[in-house]
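**Q** Chains A and B, in that order, give the protein sequences. Using numbering that gives the first Met the number 0, you'd call the opening residue of the first sequence number 0 and step up by one each time. Using numbering that gives the first Met the number 0, you'd call the opening residue of the second sequence number 0 and step up by one each time.
Bear in mind the hints are in silico, worked out from the structure with no lab data behind them. Please note that a few of the clues may not be correct.
As the list claims (entries may be wrong) - Straight line, CA to CA, 27 angstroms or less: simulated DSS-like cross-link-like pairs of lysine-lysine:
| id | chain 1 | residue 1 | chain 2 | residue 2 |
| --- | --- | --- | --- | --- |
| 1 | A | 207 | B | 40 |
| 2 | B | 40 | B | 27 |
| 3 | A | 206 | B | 40 |
Just so we're clear, the structure is a prediction, and the values are computed from it rather than from any experiment.
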Amino acid sequence: MNCFYHAEAPNVAFCIHCGRALCNECIRNVRGSVYCEPCLGDLIEGKATTSSTANGPTARKEVIGGSNPGAAFALGLIPGVGAIYNGEFVKAAVHILIFGTLVSLSNATDAALFGLACAAFYFYMPFEAYYTAKKRMLGAQGVMLETPIDRLQQQFGSVEDRRLWGGIALVVIGVVYLLGNLDVFDLHGIARLWPVVLVVIGVWLLKKHQERPV
Amino acid sequence: MLGPLLLIVIGVLFLLNNMYPGVFRFGKMWPVILIVIGLSKVFEYFQGHQEKTDGKKEGQ
Numbered sequence: 000m001n002c003f004y005h006a007e008a009p010n011v012a013f014c015i016h017c018g019r020a021l022c023n024e025c026i027r028n029v030r031g032s033v034y035c036e037p038c039l040g041d042l043i044e045g046k047a048t049t050s051s052t053a054n055g056p057t058a059r060k061e062v063i064g065g066s067n068p069g070a071a072f073a074l075g076l077i078p079g080v081g082a083i084y085n086g087e088f089v090k091a092a093v094h095i096l097i098f099g100t101l102v103s104l105s106n107a108t109d110a111a112l113f114g115l116a117c118a119a120f121y122f123y124m125p126f127e128a129y130y131t132a133k134k135r136m137l138g139a140q141g142v143m144l145e146t147p148i149d150r151l152q153q154q155f156g157s158v159e160d161r162r163l164w165g166g167i168a169l170v171v172i173g174v175v176y177l178l179g180n181l182d183v184f185d186l187h188g189i190a191r192l193w194p195v196v197l198v199v200i201g202v203w204l205l206k207k208h209q210e211r212p213v
Numbered sequence: 000m001l002g003p004l005l006l007i008v009i010g011v012l013f014l015l016n017n018m019y020p021g022v023f024r025f026g027k028m029w030p031v032i033l034i035v036i037g038l039s040k041v042f043e044y045f046q047g048h049q050e051k052t053d054g055k056k057e058g059q
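Working from the sequences, and respecting the hints, build out all of it.
**A** Structure representation (structure tokens):
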């Protein structure tokens, strides 16, 4: 789906108020929830609580097109299909790509890490589809829902932070595999170190927990 | 920006695979794709930062 305001840009989020697809430029992040600019304007002027419930739903329903959370979950058990059901084709492609990569990595190496990641990602997909559908359904009724998926994403910091650390992680993984493939060092020897990843994630989560203002 | 870059990288990898078999094998060189995706993400991050600080300077 493309941005409602910029037809050439792919959407990265939906306004939780009107349900329109928004590109990177259009999203307005308010306390972890995404809005579009017109909706924020309405909310600030105080129109939203009274008038948008009166004239909003008619405009919203055509955008949402009724995806059923239960069906989204069931279809989500087939990798990528849940996201397709929700109309998020780019997300579906990315999900399939990630899942396929994880499966082939778990076949290629004997480290249990990728098997675990595979299982985790397999069950992440239907839940993600379920909550996306539910959020949009409730959004159409004017109810904002903060889903566990949103909370999980907030754990990883802002969009920009995720971009930086995701990029660094990809470069590190790529370099390790490249050097392993070029026989600079033995990949199987390195693969034995995989539980270190679990330790690092644990330490990172603890650090995050301590930093959180009480 | 990532799409064209990826196509070029994958194209070059397969080209090397075909032109110099035995030296560059796609089965060996594929992690280059991961590295390129990662680098472009990091690059986007710093570009975003620069634009923000530039905008602030212009604003002042």
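**Q** With reference to the structure, classify each hint as holding or not holding.
**A** Verification of the supplied hints:
| no. | hint | in the structure |
| --- | --- | --- |
| 1 | 207/A - 40/B | holds (23 angstroms) |
| 2 | 40/B - 27/B | holds (23 angstroms) |
| 3 | 206/A - 40/B | holds (25 angstroms) |
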